[in-house]
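Visitor: These protein sequences, in sequence, are chains A and B.
No gaps in the numbering here: position 20 of the first sequence is 19 in numbering that gives the first Met the number 0, and each next residue is one more.
No gaps in the numbering here: position 101 of the second sequence is 100 in numbering that gives the first Met the number 0, and each next residue is one more.
You may find that some hints are simply not true.
Because identical chains share one entry, a pair is satisfied inside a single copy or across any pair of copies.
Here are the simulated SDA-like pairs of lysine to any residue, each with C-alpha atoms no more than 25 angstroms apart in a straight line [unchecked claim]: (1) LYS143 / ALA51; (2) LYS15 / ARG139; (3) LYS45 / ALA203; (4) LYS143 / LEU206; (5) LYS91 / SER152; (6) LYS45 / ALA175; (7) LYS45 / GLY150; (8) LYS143 / PRO125; (9) LYS143 / VAL117; (10) LYS91 / ARG124; (11) LYS143 / ALA197; (12) LYS143 / ALA92; (13) LYS91 / PHE182; (14) LYS143 / GLU80; (15) LYS91 / LEU178; (16) LYS15 / ALA90; (17) LYS15 / GLN32; (18) LYS45 / GLY122; (19) LYS143 / ALA43; (20) LYS45 / MET115; (21) LYS143 / ASP89; (22) LYS91 / ARG81; (23) LYS91 / TRP126; (24) LYS15 / GLY157; (25) LYS15 / ALA48.
The set of hints was computed from the structure by calculation and includes no laboratory data.
Every value quoted in this text rests on a predicted model; they were computed, and no experiment measured them.
2 protein chains.
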Amino acid sequence: MTPTITAFERSPDGGKGLARDTRVRWALEEVGQPYEVRLVSFQAMKEPAHLALHPFGQIPTYEESDLALFETGSIVLHLAERHAGLLPGDAKARARAISWMFAALNTVEPPILELMTVRILEGDRPWTRERLPLVLDRIRERLKQLSARLGDSDWLDGAFSAGDLMMVSVLLRLRASGLLNEFPSLSAYVARGEARPAYQRAFAAQLAVNTR
Amino acid sequence: MTPTITAFERSPDGGKGLARDTRVRWALEEVGQPYEVRLVSFQAMKEPAHLALHPFGQIPTYEESDLALFETGSIVLHLAERHAGLLPGDAKARARAISWMFAALNTVEPPILELMTVRILEGDRPWTRERLPLVLDRIRERLKQLSARLGDSDWLDGAFSAGDLMMVSVLLRLRASGLLNEFPSLSAYVARGEARPAYQRAFAAQLAVNTR
């Protein structure tokens, strides 16, 4: 049965691929799983039918027969566990790839989300200009550590995995800030992710929705 | 072989159980897996030997024979997959419990981490007093949604799972703020987590380190 995911009827980023459905689309494309998309409006996201699928009223969700999942990390992991292509076969390498998924979502993304707070939620506040450099410095600290670990490898731990998919997706949020340019190896890492045919297809699919 | 985790030689919270090793200790206690602890100083955490285990220079890490993992979420998931007690047997219920783990770490914890930013990293900044209510309101929004989903259930999805372990651990960070008291069902949920014998043992073990 073809799974169905949800995505923004109109993404706040206008199709830059930063909405989280792109991460799930990318995973689906990597494993070669066709999928359907149900678009939801901002209003519908806060209504009972959608809240039954996603308690926090967000996208994406994932429905496959009578299984309903929310949270991008969980959906990507679910796909990675059931199809070849996103996790190594070796149990230890697999556990390490999953470490990178969590690192992307719980160590690298939170300081980056603060940048969204500064720019969007608190963009009109008097402290924003003075606060921005502090937020950027906290992100730089993480990028420095990530860059040190990546070294001159193509991916974080051996072959491309769901850990890289998630890390590249999180780093893509930084493109507009220019911060990635300060770390050439991370910039190249992100570009390698974007160059993957599966990412290209995922990006094009979300762009098509947002440029109808 | 007995696994070894790392923890702060001296936790910044002085033993309140908020350092992330408590989450891993709790999981180990739930599944009945004995473990050893290696304490690391703030200085040692930034040195090459520890960075080889944890690229972001944090605790906890997990070593078991020749497998080394970092990131609390990944360690807890690893334990939950290899022992009974933290994930349901049914594949669908299992995937849903994992959704709650990711929800705790990537949807509920990030706004709570901003509270730490306000209180600690930016505690002395001129905007802190005016900014605090905005940060608290964003956390309230998540708590409202979580509380609506929990309803009058004991746990988030059927029996206690790694999803609850992680969500309770994340919510515990809010105790000092008083925010939990605004949501009696969440307050009771957290208390149910804390009342579990496995949590009690984990808490006592980290407290013993911090009150030597």
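Visitor: One pair to classify: LYS45 and GLY122, alpha carbons no more than 25 angstroms apart. Within, between, both, or neither?
Guide: within (24 angstroms within a copy, 34 angstroms between copies)
Visitor: Check LYS143 against ALA43 for me: Cα-Cα at most 25 angstroms, and say if that holds within a copy, between copies, both or neither.
Guide: between (40 angstroms within a copy, 18 angstroms between copies)
Visitor: State whether the alpha carbon distance between LYS91 and TRP126 is at most 25 angstroms within one copy, between copies, both, or neither.
Guide: Cα proximity of LYS91 and TRP126: none, with 46 angstroms in one copy and 46 angstroms across.
Visitor: At most 25 angstroms between alpha carbons: which applies to LYS143 and ALA51, within, between, both or neither?
Guide: Result: close only across copies, 15 angstroms inter versus 40 angstroms intra.
Visitor: Regarding LYS91 and LEU178, is the shortest C-alpha distance of 25 angstroms or less found within a copy, between copies, in both, or in neither?
Guide: Close neither inside one copy (33 angstroms) nor across copies (40 angstroms); limit 25 angstroms.
Visitor: With identical chains, the pair LYS143 and ASP89 could be close in the same copy or across copies; at 25 angstroms between alpha carbons, which is it: within, between, both, or neither?
Guide: neither (29 angstroms within a copy, 41 angstroms between copies)
Visitor: For LYS15 vs ALA48, is the C-alpha pair at or below 25 angstroms within one copy, between two copies, both, or neither?
Guide: Neither, since 27 angstroms and 39 angstroms both go past 25 angstroms.
Visitor: For LYS15 and GLY157, with the copy left unspecified, which applies at a CA distance of at most 25 angstroms: within, between, both, or neither?
Guide: Neither way: LYS15 and GLY157 sit 28 angstroms apart in one copy and 38 angstroms across, limit 25 angstroms.
Visitor: Taking 25 angstroms as the upper bound on the Cα-Cα distance, should LYS45 and MET115 be classified as within, between, both, or neither?
Guide: within (21 angstroms within a copy, 28 angstroms between copies)
Visitor: Up to 25 angstroms between alpha-carbons, please classify LYS15 paired with GLN32: within, between, both or neither.
Guide: within (23 angstroms within a copy, 46 angstroms between copies)
Visitor: Using 25 angstroms as the alpha carbon limit, work out where LYS91 and SER152 are close: within a copy, between copies, both or neither.
Guide: within (19 angstroms within a copy, 36 angstroms between copies)
Visitor: State whether the alpha carbon distance between LYS143 and ALA92 is at most 25 angstroms within one copy, between copies, both, or neither.
Guide: within (24 angstroms within a copy, 38 angstroms between copies)
Hints 3, 4, 6, 8, 10, 11, 13, 14, 15, 16, 21, 23, 24, 25 from the list above are not met by this structure, while the remaining hints are.
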